[in-house]
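If you're matching them up, the sequences are chains A and B in order. For the first sequence, position 133 (counting from the first letter as 1) is numbered 133 according to this note's numbering, and the numbering increases by one without interruption. For the second sequence, position 1 (counting from the first letter as 1) is numbered 1001 according to this note's numbering, and the numbering increases by one without interruption.
Hints are not guaranteed to be accurate.
[Claimed, not checked] Using 27 angstroms as the maximum straight-line C-alpha spacing, the simulated BS3-like pairs for lysine-lysine come out as follows:
#1 A:Lys424 with A:Lys398
#2 B:Lys1100 with A:Lys469
#3 B:Lys1118 with B:Lys1186
#4 A:Lys345 with A:Lys167
#5 A:Lys198 with A:Lys351
#6 A:Lys453 with B:Lys1151
#7 A:Lys351 with A:Lys265
#8 A:Lys424 with B:Lys1010
#9 A:Lys469 with B:Lys1118
#10 B:Lys1018 with B:Lys1151
#11 A:Lys198 with A:Lys141
#12 A:Lys74 with A:Lys277
#13 B:Lys1136 with A:Lys453
#14 A:Lys469 with B:Lys1108
#15 B:Lys1010 with B:Lys1065
#16 B:Lys1018 with B:Lys1245
#17 B:Lys1100 with A:Lys453
#18 B:Lys1226 with B:Lys1239
#19 B:Lys1226 with B:Lys1165
#20 A:Lys424 with B:Lys1151
#21 A:Lys469 with A:Lys424
#22 A:Lys345 with A:Lys166
#23 A:Lys424 with A:Lys72
#24 A:Lys265 with A:Lys145
#25 B:Lys1226 with B:Lys1005
#26 A:Lys166 with A:Lys145
#27 B:Lys1118 with A:Lys453
#28 A:Lys453 with A:Lys424
#29 A:Lys72 with A:Lys49
#30 A:Lys424 with B:Lys1100
#31 A:Lys141 with A:Lys166
#32 A:Lys265 with A:Lys141
#33 A:Lys453 with B:Lys1108
To be clear, the hints were calculated from the coordinates, so they are not data collected in a lab.
Chain residues, written in single-letter form:
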Amino acid sequence: MSEENKTIENVTNSEYKWGFVTEIEEDAFPKGLSEDIIRKISEVKQEPKWLLEWRLKAYRHWLTLEEPTWAKVKYESPDFQDIRYFSAPKQKPKLNSLDEVDPELLATFEKLGIPLEEQKLLANVAVDAVFDSVSVATTFKETLKEKGVIFSSISEAVREHPDLVKKYLGSVVPYTDNFYAALNAAVFSDGSFVYIPKGVRCPMELSTYFRINAAETGQFERTLIVADEGGYVSYLEGCTAPQRDENQLHAAVVELIAMDNAEIKYSTVQNWYPGDKDGKGGIYNFVTKRGLCETNAKISWTQVETGSAVTWKYPSCVLKGDNSIGEFYSIAVTNNYQQADTGTKMIHIGKNTRSTIVSKGISAGFSDNSYRGLVKVHKSAEGARNFSQCDSMLMGDKCGAHTFPYIEVDNNTSTVEHEATTSKVSEDQIFYLNQRGIPTEDAVNMIVNGFCKEVFRVLPMEFAVEAQKLLEISLEGSVG
Amino acid sequence: MITIKNLHAKVAGNEILKGLNLQVNAGEVHAIMGPNGSGKSTLANVLAGNEAYEVTEGEVIFNGKNLLELAPEERACEGIFLAFQYPVEIPGVTNSTFLKTAIDSIRKYRNEPEISAKEFLALIREKAALLDMDNKLISRAVNEGFSGGEKKRNEILQLLMLNPKLAILDETDSGLDIDALKIVSKGVNYFRSPENATIVVTHYQRLLDYIVPDFVHVLYKGRIIKSGGKELALELEEKGYDWLKTDEVEAV
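Isolated chain A (complex conformation) (with noise of 0.2 angstroms):
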């Protein structure tokens, strides 16, 4: 592996800063998809027979289903069998603390800007990182306990909370949704899992950094978060990939359930490497994101697209309970050749739920950007009201923004509204902004900011800074 490592490393491109590959012996399936590779994936991690017969239902399933083709993104369709479906640092088989992980790996994720040792955090954060397939370390693991906060892998999570597990996962997002919800169900590798108690406010911000490092590996990660009554948590969730010539596909799923009363926050950075100036390369992001919401619960969906070559991603809300409230803010940016198929769906069923909508997608390059998104409002909706705002931002004249708002409404005691605008980075503002001694980079930072802050506003504070450090990556250059 290391020689096709060095190759790649030849293919650098200096605007994606986590392009770099951990040369770190991994543990790997062969390529390819089948029943025994799922028995193996499963035997692996040592999984009970319920879950192994879960997964082989979802797999027996994804065969009969079809490639999704409605997104308006073109690629060429992933070949499911030259696909590595597991893969994983090799290590001890457990690890007791984090002086027991490879320091090649720790080092990886100072690298990215994620210290996984306990005395540097500074910052009130958990983090779990996750590393091709698997868990690497989850920390604050003792702080959260005393309060009854679950925070672990995913796969910890079975051996551990088996009945948990058992009881939620799936039953947001079934195998049965769509076809890459029912793959990352056959083939799911790790991820993380939450459980906040009944009345508990998780006293820190819980934070999963996704990381693919392996060539020719499928990210399949799955999370799972539970907010009990009355719970409180906000969750972060970040990635990226080193730069390769290959697209590398990344399925991943997440579920949400918040309870009466709970609140859950979940905010994502998306920088998947988004593939050279030519669209060689970059991760295909697939995935689907939903959250329950009982009886005056609240979810908020909070994230910043910038990575990937394709996105296909729908964070959505089921607002079963009366009086339930979910929010989505996105930040869609695409460049070079990106397409970016993002949006979300509002399920309004409970009486007096609430749902806001805010989109800001921008464009440059030659790339195309889409908001996809859906308010349904069934007949035991009640007063049910959702505002939308869908603002489109245009740098150049080669590339597309578009917006396909669905809207169905089954009771006409709802309100809902639906703002949409569509506007250029004038050559008028950045002229006044130069007058003003502002170079024009730093002026369109700065117009683009302006044009997004309102999501920024919702993010958490450490997030916001990343978030608008990445925006200006993303766009050097686009305009000038």
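Could you slot chain B onto chain A? The hints should help.
Leaving out everything else, chain B in the frame of chain A:
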């Protein structure tokens, strides 16, 4: 401070400035007057470096530097300030963020350290008070939802904050009622000093009652056809521009 020689400029293929000459020294206020379409705004935009305007001939020397070779932001950092006739809106960017970034960009160009938040805040409060500006306007997005008068006042606030060497006011009086006009003029007069200069581009004499110029020039068909003292403005107010047009025809 600035010497303009034989300046020719085009916009959208039409030659608007046709050999303009002007010399402005430190401590002076020059008024440029003239009928619609004479090239007043073109002159203001060309000096600021708006790329929509193409300079075809002539030279502009600003404090010993060839101004026409500099990018708009470099001109700003060298000390040229244009108060826009139609200030644009920058949604989502607060006035204070914008102004602090501007000040820091200029300071960086001059190898000076950034302004501290405390110093900046004190400065902007002082200047806003001078212009009777509500502090709320400082934390609002740049010009977004501002009335015409508020936008013009905001331009003068920027002038006072950036304290340039040469201020060019492009029709700053247009759309202002008399009270706003007085406040804007107060700001400009406060700015005036022996070290800086001001070019006031205007249509009407009215503004010059409050900002009293040292020189008045009449711009017509892309050239200055008459220069004089502040009394020339009064004469124009009385007689209009027609008598000058005849003069010019006679001169030709």
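Quiz item: Taken at face value, is the distance from the CA of B:Lys1010 to the CA of A:Lys424 at most 27 angstroms?
Solution: holds, 26 angstroms
Self-check item: Restraint status (C-alpha distance of A:Lys141 to A:Lys166 at most 27 angstroms)
Solution: holds, 22 angstroms
Quiz item: Does A:Lys145 lie within 27 angstroms of A:Lys166 when you go C-alpha to C-alpha?
Solution: Measuring from Cα to Cα gives roughly 21 angstroms; hence the hint holds.
Quiz item: Going straight from one Cα to the other, do A:Lys424 and A:Lys72 come out at no more than 27 angstroms?
Solution: Given that 27 angstroms is the threshold and the Cα spacing comes to 21 angstroms, the pair holds.
Quiz item: CA of B:Lys1018 to CA of B:Lys1245, is that 27 angstroms or under?
Solution: holds, 16 angstroms
Self-check item: Distance restraint between A:Lys74 and A:Lys277, which requires alpha-carbon spacing of 27 angstroms or less
Solution: Since the Cα atoms of A:Lys74 and A:Lys277 sit roughly 17 angstroms apart, the hinted pair holds (cutoff 27 angstroms).
Quiz prompt | Agreement of A:Lys72 and A:Lys49 with the hint, judged by alpha carbon distance not exceeding 27 angstroms | solution = violated, 40 angstroms
Self-check item: 27 angstroms Cα cutoff - pair B:Lys1010, B:Lys1065
Solution: At roughly 22 angstroms apart (the allowed maximum being 27 angstroms), B:Lys1065 and B:Lys1010 satisfy the hint.
Self-check item: 27 angstroms Cα cutoff - pair A:Lys198, A:Lys141
Solution: holds, 18 angstroms
Self-check item: Hint consistency between B:Lys1100 and A:Lys469 [alpha-carbon to alpha-carbon, up to 27 angstroms]
Solution: Given pair B:Lys1100, A:Lys469 holds - Cα atoms ~19 angstroms apart, limit 27 angstroms.
Quiz item: For the pair supplied as a hint, B:Lys1100 and A:Lys453, is the alpha-carbon distance within the 27 angstroms limit?
Solution: holds, 18 angstroms
Exercise. For the pair supplied as a hint, B:Lys1018 and B:Lys1151, confirm whether the alpha-carbon distance does not exceed 27 angstroms.
Key: It is violated: about 32 angstroms lies between the C-alpha atoms, which goes past 27 angstroms.
The structure shown violates the earlier hints numbered 10, 29.
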